[in-house]
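A.B. asks: For reference, the chains in residue letters:
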Amino acid sequence: AQSVTQLGSHVSVSEGALVLLRCNYSSSVPPYLFWYVQYPNQGLQLLLKYTSAATLVKGINGFEAEFKKSETSFHLTKPSAHMSDAAEYFCAVSDPGGKLIFGQGTELSVKP
Amino acid sequence: KAGVTQTPRYLIKTRGQQVTLSCSPISGHRSVSWYQQTPGQGLQFLFEYFSETQRNKGNFPGRFSGRQFSNSRSEMNVSTLELGDSALYLCASSLGEATDTQYFGPGTRLTVL
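So the sequence lines, in the order shown, correspond to chains Y and B.
Residues in the first sequence are numbered from 1 upward in steps of one, following the numbering used here.
Residues in the second sequence are numbered from 1001 upward in steps of one, following the numbering used here.
Take these hints with a grain of salt, some might be off.
Calculated pairs, DSS-like style, for lysine-lysine (alpha carbon to alpha carbon, straight line, at most 25 Å) [to be verified]:
1) Y:K49 / Y:K68
2) Y:K69 / Y:K49
3) B:K1013 / Y:K58
4) B:K1057 / Y:K49
5) B:K1001 / Y:K49
6) Y:K69 / Y:K58
7) Y:K58 / Y:K68
Worth flagging that the hints you see were computed from the coordinates, not collected in a lab.
Remember, it's a predicted structure, so these values are computed and weren't measured experimentally.
The following block holds chain B by itself, in its conformation from the complex:
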């Protein structure tokens, strides 16, 4: 079974721009969660989508948004990029129960200049 895939793997943007990241979950998984990883803050939860609905949300500003499509693929969007948004963005998929294991993709490395 193919794992979680994320595109693109690397991205360079400038302040003020917006960016869209994509995540394809493991086949059959209906939940996709997004995490931000930075050296200073570590791994932080952004949001989770299940059956095209945002089911859980972390403590990030409204510039961070996402969506999920009917095939469970998910996109994350960040508008008006700031230098502090530079991070590794990881998505994880699971079957959907709260206790299910989350399987992570390789991440998208975003650099904001």
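Chain Y on its own, in the form it takes in the complex:
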């Protein structure tokens, strides 16, 4: 069965600092992995998707994630945080039927 673990429910960084949000997955089949972002009172917006075409995936707003099979990880990074990046971030894996299984989410705060 697929599962996702996000390490750290809250992450705080200073504006301009590196953003690193951690995600580990468990999957019995080659996974499709996603990062979504949720701003207050809004739905989920897709940041990026891993489909096995390349291990380093570039997404929107300067975010990228690297798939590491040996570590079963799919961590999200951004070199320089902006105030507008403050939001909740969700890592997800799709099961063979297409259902998304989400991690518990990481709330990112950005300090000026």
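Please build the complex by placing chain B on the supplied structure of chain Y, with the hints as guidance.
C.D. replies: Chain B in isolation, oriented as in the chain Y frame:
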């Protein structure tokens, strides 16, 4: 292309009532999935409809049901509301393959008093 739309955006009901939520997918998308988001349980899958048929179901009681119409629009119904049903209900649409990206609507915030 218009995104996924959900109506209403906010809803207040009392225990024991029933409620119907609506979701209009992106044009051309044939699959609609529903998720419940709560602070305690996070994001949980309710069910998925494809071509008017329920194709996948999560672990929710039978009070939660849905349907899909021939134009791919979907409705979700919750009967005999309980306080614990208070949540953000999100729908997502996709083309229909298991590996396709799901695009989410803004959600319906349901409060049960």
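A.B. asks: Now tell me if each hint is right for this structure.
C.D. replies: Results of checking the hints against the structure:
Proposed proximity of K49 (chain Y) and K68 (chain Y) is supported: the alpha carbons are some 14 Å apart, at most 25 Å. Restraint check for K69 (chain Y) and K49 (chain Y): satisfied, since their Cα atoms lie roughly 15 Å apart, inside the 25 Å limit. Of the supplied pair hints, the one linking K1013 (chain B) and K58 (chain Y) is violated, its CA atoms being roughly 42 Å apart against a limit of 25 Å. With a C-alpha separation of about 23 Å, the suggested pairing of K1057 (chain B) with K49 (chain Y) holds against the 25 Å cut-off.
A threshold of 25 Å between alpha carbons decides the hint, and for K1001 (chain B) with K49 (chain Y) the separation of about 20 Å falls inside it, so the pair holds. Straight-line distance between C-alpha atoms of K69 (chain Y) and K58 (chain Y) comes to about 17 Å, which keeps the hinted pair within the 25 Å bound. Using a Cα cut-off of 25 Å, the hinted pair K58 (chain Y) and K68 (chain Y) holds, with the two alpha carbons roughly 15 Å apart.
Taken one by one, the earlier hints fail for this structure only at number 3.
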